[in-house]
Amino acid sequence: MKKIDLHIHTIPTVNDSSFSFKLAILQKYVAETALDAIAITNHNVFDRSQFTEIDDELDIVVFPGIEVTLDCGHILIISDTTKLDQFDKQALRIRERITQAHDTITINELTSIFYNLKEYVVIPHYDKKPAIRDDSLKHIAEYVSAGEVDSAKKFIRVIKDDIKVTPVLFSDIRIGDTLDKISTRQTFVDCGEVTLAALKKCLQDKRKVALSESNGNRLYQIFDDGQKLSTGLNILLGERSSGKTYTLDKINASQGHVKYIKQFSLVQQDESANERQFNRDLQRTKSQFVEEYLSRFKVVLNDVMDIDLCADGQEVDSYIDNLHEAAEDAERRDAFSNCALFDESEFSISEDTVLIDLIASIRQIIQNVEYQSIINKYVDRQSLKQLAVELIELLWARERDWKKKILVNELVRDIRQILKRRTSTVQVPDVNLYRVSLNKKKVEIFCEIVKCLQEHAVISEEPIQKFRVIATKDPFEGAGEIRSISGVKTAFSESFAKYTHPYEYLQALLANEYLTRSEIYKYFVKITYSILNPDGFEVSGGERSEFRLLQEIKDAQTYDILLVDEPESSFDNLFLRSDVNKIIKEISETMPVVVVTHNSTVGASVGADYLLYARKELEQGKVVYRLYSGYPTDLTLHSLDGKKISNYQITMNSLEAGCVAYDDRRNGYEAIRDKG
Amino acid sequence: MKLLEIRDNLGYYLDVHSVFVPIDKITKEDLLRLVDKTLNEDVEYDEYNGDAIKNQAHQILYKSVFDKLQGLKVRRKEFTDEFKRLYLQEYEWYKKK
Chain A
1 MKKIDLHIHT
11 IPTVNDSSFS
21 FKLAILQKYV
31 AETALDAIAI
41 TNHNVFDRSQ
51 FTEIDDELDI
61 VVFPGIEVTL
71 DCGHILIISD
81 TTKLDQFDKQ
91 ALRIRERITQ
101 AHDTITINEL
111 TSIFYNLKEY
121 VVIPHYDKKP
131 AIRDDSLKHI
141 AEYVSAGEVD
151 SAKKFIRVIK
161 DDIKVTPVLF
171 SDIRIGDTLD
181 KISTRQTFVD
191 CGEVTLAALK
201 KCLQDKRKVA
211 LSESNGNRLY
221 QIFDDGQKLS
231 TGLNILLGER
241 SSGKTYTLDK
251 INASQGHVKY
261 IKQFSLVQQD
271 ESANERQFNR
281 DLQRTKSQFV
291 EEYLSRFKVV
301 LNDVMDIDLC
311 ADGQEVDSYI
321 DNLHEAAEDA
331 ERRDAFSNCA
341 LFDESEFSIS
351 EDTVLIDLIA
361 SIRQIIQNVE
371 YQSIINKYVD
381 RQSLKQLAVE
391 LIELLWARER
401 DWKKKILVNE
411 LVRDIRQILK
421 RRTSTVQVPD
431 VNLYRVSLNK
441 KKVEIFCEIV
451 KCLQEHAVIS
461 EEPIQKFRVI
471 ATKDPFEGAG
481 EIRSISGVKT
491 AFSESFAKYT
501 HPYEYLQALL
511 ANEYLTRSEI
521 YKYFVKITYS
531 ILNPDGFEVS
541 GGERSEFRLL
551 QEIKDAQTYD
561 ILLVDEPESS
571 FDNLFLRSDV
581 NKIIKEISET
591 MPVVVVTHNS
601 TVGASVGADY
611 LLYARKELEQ
621 GKVVYRLYSG
631 YPTDLTLHSL
641 DGKKISNYQI
651 TMNSLEAGCV
661 AYDDRRNGYE
671 AIRDKG
Chain B
677 MKLLEIRDNL
687 GYYLDVHSVF
697 VPIDKITKED
707 LLRLVDKTLN
717 EDVEYDEYNG
727 DAIKNQAHQI
737 LYKSVFDKLQ
747 GLKVRRKEFT
757 DEFKRLYLQE
767 YEWYKKK
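In the order they appear, the protein sequences are chains A and B.
Under my numbering, residues 1 to 676 are what the first sequence spells out, in order.
Under my numbering, residues 677 to 773 are what the second sequence spells out, in order.
These are computed hints drawn from the structure, not numbers from a lab.
Computed from a predicted model, the values in this text were never measured in an experiment.
Careful, some of the hints might be misleading.
[Unchecked claim] Here are the computed lysine-lysine pairs in the BS3-like style, where the Cα-Cα straight-line distance is at most 27 Å: (1) Lys404/A x Lys753/B; (2) Lys749/B x Lys440/A; (3) Lys3/A x Lys262/A; (4) Lys772/B x Lys405/A; (5) Lys28/A x Lys181/A; (6) Lys713/B x Lys440/A; (7) Lys259/A x Lys28/A; (8) Lys749/B x Lys441/A; (9) Lys181/A x Lys262/A; (10) Lys298/A x Lys772/B.
[Said to hold, decoys possible] Label-pair ranges, simulated between beta-carbon atoms: (11) Asp71/A x Glu754/B: 45 to 53 Å; (12) Asn279/A x Arg761/B: 36 to 44 Å; (13) Ser530/A x Glu754/B: 58 to 66 Å; (14) Asp71/A x Arg761/B: 31 to 39 Å.
Yeah, the Cβ is synthetic: ideal placement off N, Cα and C, and Gly gets one too.
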């Protein structure tokens, strides 16, 4: 296996914070991480002389490269060393195009600059910011060798997904004049001599890419001293003050996006403070839920809030009255009022939203990559494209027509004004009956939506181990309920009298000057959000802490690694075994997890993938903190400096208070069982 | 169904009892009913013709109402498409849960 890092910065650009490149630091980085190949990939620039200097001074393979800022994400283009002249010229064109921090180029510009991207190793930011957009990725899919990710968790997720590209994990390091922390983000590839062609071939095969040299993707490097962790569940054992929490803190500091559940953090000594904290968390979660659930209703409501049916009615009224008046005036018509334009109404104009949406839908079908094969089974792509073209042409024609009508309307309005000033005859007024009719329909549908919204239903039910989080919706039963969720000191009784007539109710709420328009959507339906225990009652006391722990662990899914420090210090064994172990094991299927424990229920029963043992040792009068590691089934665990320790011994000592105590307990249990 | 008619030199509209009534009697409610019919049913009108209507008041009323309804008729499909899609996703979402 060859260790590679194809994303290294050596020149500060407008896209970087300032640093001053030192070759010695790069040499140190390469040596300490034992790399076999690197690529120099600065933002939108390639410095040939610096590259040559680096290539001459390092004993490993160095590829020339560039990180290009596209309008749709970042991308690494890595060239063969034999084509330096050509690459230099192409990189210069990128440099000329991108001179400011906000400058970007398009995919088309990129392909025109590099002619044939197949000659390069092309690696876009994939599960890493700024990630390339899916729709852009498909335009260059045939050239892409791999996709860059920024954590072991994402690496594992992408490599397990058959439809995703091969992931690579690189340092993205700035080589300055110091190297405080050595990155552990590199990738192993299974190739012989590292050439660009060999790399391209390896990257096409996910089986040839790994996080660790000899353990594939089961282990990955966590510290710069070479210490590894499992990409699944790690159990960290050790006596008191042996460096376990220190190790967790070190992992926390060395990794980017860590969920760290510290010891005792979920348990407060003061029960009332615990309850307050729990209710605050619950309220926050509920607010997020309500916001999300009512977001669609908000869109409808915002539209309907601007509709004034009363004003619409008056407008039609006034049209009819004036029309009659104008008719009665017919005998008194003069040269000005007899002009055809005197009574002319304006063209009704509307944006062709139906056609615009239809074009967007067809475009979506044509551009969809994920379901392309199914779409192709039923629809001929060429016909779809022709349909899109015809509809777009129709839209253009309508827009031209639309613009002409706007001009004519302005003209008609002006002329009507001029004619009106010259005559005493009453003018026939104008009214937009299309808008009036549509407003009426809108209000009808709005009322139906509110009716659906107010029907009792469980809108969400989520089991979290033994708990259930339930959200229900019901109509409000009284004005007091609305006042309490509004937090506004105003009377709702008058509005509430109209609660069963949604549009009238809305008008009453809008008329209340103490209410904010943007908050009105909350006053139509009562949403209750509660957490129930296995007996169906709301949680209380210790259950709150248990729920918070499960919630925190579940929340970890959005992070890159989860650290849990001694969960047993706050919870009983039954809960640990039935709930915590299960959820920890589940989450470790998708991300690295490290649990520090002394508890056999967690340590021995959870089914760890990797074991770490922290130990404080005295050597020549000095204290040394050492970390041993290995698989749970290994007879011995090993430290990085070659020391060994018996797995059986440390497991007994850490989890069972030693072999003697363990045997005593076992005999005791046996005796009870026999008697029973 | 015919909503507007010209006969005997006068303009008429179809009232709520399906009887043609002189256009100078038209009210707001009548107009809204004609609008509803125009947007929801297959309707027709006698084309406005100034020479066929001798009464000047009728000319003004008929022409204005005819222009308005004819304008809506042209946009009937657009209206149907628009209101059928109106808040459809939101409606289905809240109907479901």
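Results for each hint:
{"no.": "1", "hint": "Lys404/A x Lys753/B", "in the structure": "holds (22 Å)"}
{"no.": "2", "hint": "Lys749/B x Lys440/A", "in the structure": "holds (17 Å)"}
{"no.": "3", "hint": "Lys3/A x Lys262/A", "in the structure": "violated (34 Å)"}
{"no.": "4", "hint": "Lys772/B x Lys405/A", "in the structure": "violated (42 Å)"}
{"no.": "5", "hint": "Lys28/A x Lys181/A", "in the structure": "holds (12 Å)"}
{"no.": "6", "hint": "Lys713/B x Lys440/A", "in the structure": "holds (14 Å)"}
{"no.": "7", "hint": "Lys259/A x Lys28/A", "in the structure": "violated (31 Å)"}
{"no.": "8", "hint": "Lys749/B x Lys441/A", "in the structure": "holds (17 Å)"}
{"no.": "9", "hint": "Lys181/A x Lys262/A", "in the structure": "holds (24 Å)"}
{"no.": "10", "hint": "Lys298/A x Lys772/B", "in the structure": "holds (17 Å)"}
{"no.": "11", "hint": "Asp71/A x Glu754/B: 45 to 53 Å", "in the structure": "violated (36 Å)"}
{"no.": "12", "hint": "Asn279/A x Arg761/B: 36 to 44 Å", "in the structure": "holds (42 Å)"}
{"no.": "13", "hint": "Ser530/A x Glu754/B: 58 to 66 Å", "in the structure": "violated (47 Å)"}
{"no.": "14", "hint": "Asp71/A x Arg761/B: 31 to 39 Å", "in the structure": "holds (32 Å)"}
Of the numbered hints stated above, those contradicted by the structure are hints 3, 4, 7, 11 and 13, listed in ascending order.
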